[in-house]
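Take a look at the letters that make up each chain.
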Amino acid sequence: MNLHAVVLAPWRACRPAMRWMALVMATLFLLGAIAVAIFSRAPDEWLISIVIISFGEGFLWAFIFSTMALLAVDAHQMRLPGVERSIALALLLYGLLTVMLPAGLFGLYSGHMLVSATLLALSGLCGLLFALLPRFLSALMGFMPMTLQALPMSFHLAGPSHPGFIHWAIPATLAMLLIALFCWRRLLRAINPYEAGLSAPMVLQFRNPTSRGGCNAWNGFAGGGVDNARQIRNRPDWMQPQADLRGCGPGHAVHSLRIALGGMFVPLTPIGRLRQLAFVLVPSLLFIVLMSLSNVHEHVIRTWMTVWHDIGLLMLTWIGAFGSVVLTISLLAPLQQRWQKVNAELPLLALLPGLHDARRVKRDLLRAILLLPLCVQIGLMLVVLALASGRHLSMASTVLLLLSQLGNIGFMFAFALSTVGGRPLPHWGTGLLAAFGYALVSVSIFLPTFSNTVAFVLGDFWLALLAAAWAALIVMLLWLSLRGWRGLQQRPHPFLPN
Amino acid sequence: MNAALQEVTRSSISPLAVHGLAHCYEGSNVLAGVDLALEPGSVLGLIGRNGAGKSTLIRAMLGLLVPLAGSTFVFGEPALKLSDATKTRIAYVPQQPEALAWLTAQQMLDYVGRFYPRWDTAFVKTTLARWHIPPNKLLAKLSPGERQRVDLIRALASQPELLVLDEPAAALDPVARRELLREVALRAGEAGTTVLFSTHIVSDLERVASDIAFLHQGKLLMLCSVDETKERYARLWLPAKMSIAAPTQSLSRRRHEDGSLSLVVERDANGDWPEAATLTGARIDALGLEDLFVEIAE
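Note that the protein sequences, when read in sequence, are chains A and B.
Under this note's numbering, the first residue of the first sequence is numbered 1, with each subsequent residue one higher.
Under this note's numbering, the first residue of the second sequence is numbered 1001, with each subsequent residue one higher.
It is worth saying that the hints were derived from the structure and are not from the lab.
Watch out, some of these pointers could steer you wrong.
Below are the BS3-like pairs computed for lysine-lysine, each with C-alpha atoms no more than 30 Å apart in a straight line [as the list claims (entries may be wrong)]:
1. Lys1125(B) - Lys341(A)
2. Lys1081(B) - Lys362(A)
3. Lys341(A) - Lys1081(B)
Using the sequences and the hints, build the whole thing.
Laid out in structure tokens, this is it:
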């Protein structure tokens, strides 16, 4: 064990693709925080800056520092001496560096060192818990920023700008630290820590590269997802989607292609569809039934009603907006995976009779890939717009939400076309565009959901900058779509691997 | 054209033919001007070391990739623009097949079967049972060997006229391998199916192949019938003092520590070995298929 090993531990544990993505995101957040600190006219600009930095901190702990757990697991399994101790020291070192350093600087700048440190620690731990908690709980961590914003309102907890903030935030930080330690220990002591079921921590997903080029290659959206076959192997039988094969065959090319594309494209049997919906509906119904059956005091119900009134619309807007992001990624990841494998669906489809000539199969393929997701995206857009109207959002906020939805649709089209058209961007280009797009979409969702008037948070200059960023993204997506479309037209058939 | 003439034309067209095929990955040549044509009803074993370009050649031949140069034809049609009618005559099993992992074996076979007019449902049912493959198990959850066998059933059930198998026996146990070879031989012998299969296992070639093609560093070094190889190729050993007389044309050339030379040589058009073989002290050794492969590939 030496200092060199301690310092390099997270960089050795993390895949370069993920490392670059998280670093880019963290840098963007840092630059955003600096820009706010310099240019903002808001009274609590230090707080806005520290909140923005906290998001970057969350990213770093979720995607870079958390991967040290993978190294620790491997070291534990292989009985490598000294590595676990290096990792423990590395966690401590980077914990101090990422919390105390910016907090110290903010302390000097604004005099709010303790609050800054607490906020940074909270967001770092949120990131770490996102990676270490079982996968089914990690999904809920995505709501943490919204919950942190909404719960203090409902439970009258003091916000970061109030003196009472640290009275509840410090115990909450300590509690989260204990949970993180427990999860870490549980992972290390597991008999089979590589078992990637639903109860396995999210961090295990980061060790499953789908790239055929090796685990060190950034692999577009495909690299972010677990290989489909592996995913199916790890899933219990009762959770497997039940494909509906009725009506497939030469006369029903679109339906048949959807079956062959797998993932979210596969048409499901009514029972399969019901089972899929049950994952969302059962917990919600259970909650409602329990609430109505339990003999709770009226004021408890009233408190909950208040909470739901405060955060319900916010949560739905959030779900609708980020649901669109999730839908886009879950469409593109399997698609890019399919078009990388030379021994899977592509040769089968290329030689499958009954799909007619190349021109028709290209058209049918695009319909199979885009039609249903497009309908869902439009549905989500309408829901988000309805909710925005329900929350009486300003025109600028509504436009931003609308843009975020349209951006997702644009991403879906551009990357789907470039994938099947054989003109995917280089990996670094995909990474940059995805990071830029994600940051822009996130900002366009965050701002309206956290404030009823965007102009209150952003001045005209920043709004103009945001508009310019959106214009740049739209131009890039149009260019990518056109490039993909031309590539598809030039391909003799669409089932050629990239 | 009347029906009989059509039939003659159809049967005389090579099921699979390539000319001047070249391809490269990331700047390194994988295929360098390959010319190859399969005779109808032949069983061609494609052999070569890892990375020799066997899979790339097969994929290019079937129009599954766009080669840098050269032309490929399947039953006379450009491989990249196959008609539905031609596709019904082909079956291909890739190395380590992974297609449709979200379906059960039975579902996958039902799905694919709907597209082939001559799909043999009875064959599917009996072979699944004979090869002990659980029909209701998801493909993703099958072992690599089972997965390979399901794909072989898929290929054979379509009753193809051209069967292309990329390392079909790689994941199979000896019993399953023997059964597969028996099935391939049966199809070729009784139904006249043309078969192209790549392999590392020389004994498989000897068992079923009628012809052999040896691919080395992207070039087709040898193409002849299996029976012919023993007669046509041999190892010529020359002592150090005679190595100067070594023929310039040889399939491989290896110098030993004592200065002597080993070459794989071929009989000329008259059936004679190169002249150096007649020199005193020179020796001609007959080579089995495996020895021949090793001598050339080393």
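Any of the earlier hints contradicted here, and which numbers?
none
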